[in-house]
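Kindly generate the complete structure, drawing on both the sequences and the hints.
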Amino acid sequence: MKSVYVTRPDVASIGIDLLKKECDVSSWSQAVPVPRDELLRQVVGKDAIYCALTDKIDSEIIERAGPQLKCIATIQLDMNTSM
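Going letter by letter, the sequence shown gives residues 1 to 83 in the numbering used here.
Hints may contain errors.
Under the rule of at most 27 Å between Cα atoms (straight-line distance), these lysine-lysine pairs were calculated in the DSS-like manner [as the list claims (entries may be wrong)]:
id, residue 1, residue 2
1, Lys70, Lys20
2, Lys21, Lys2
3, Lys70, Lys21
4, Lys70, Lys56
5, Lys56, Lys2
6, Lys20, Lys2
7, Lys2, Lys70
Source of the hints: derived by calculation from the structure; they are not laboratory data.
Structure representation (structure tokens):
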């Protein structure tokens, strides 16, 4: 089963529920941004990182996750697409 780390606790439950159908999902549970040292610990071995634009995802994070990391996706907070 693929594993995903989510860096925010306020992601819509419908999205998390969809991920949980196919993936082992772990997430940061506090209202404040995940501290870098915690992020570095949590991404080890993950196949995907679902993060906010404000999370600094750099080469150190990618290398720490490992070669199985296939996806880094950003959380979209505003779903109003009717422009």
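Hint-by-hint comparison with the structure:
no.	hint	result
1	Lys70 with Lys20	17 Å, holds
2	Lys21 with Lys2	11 Å, holds
3	Lys70 with Lys21	18 Å, holds
4	Lys70 with Lys56	17 Å, holds
5	Lys56 with Lys2	23 Å, holds
6	Lys20 with Lys2	10 Å, holds
7	Lys2 with Lys70	10 Å, holds
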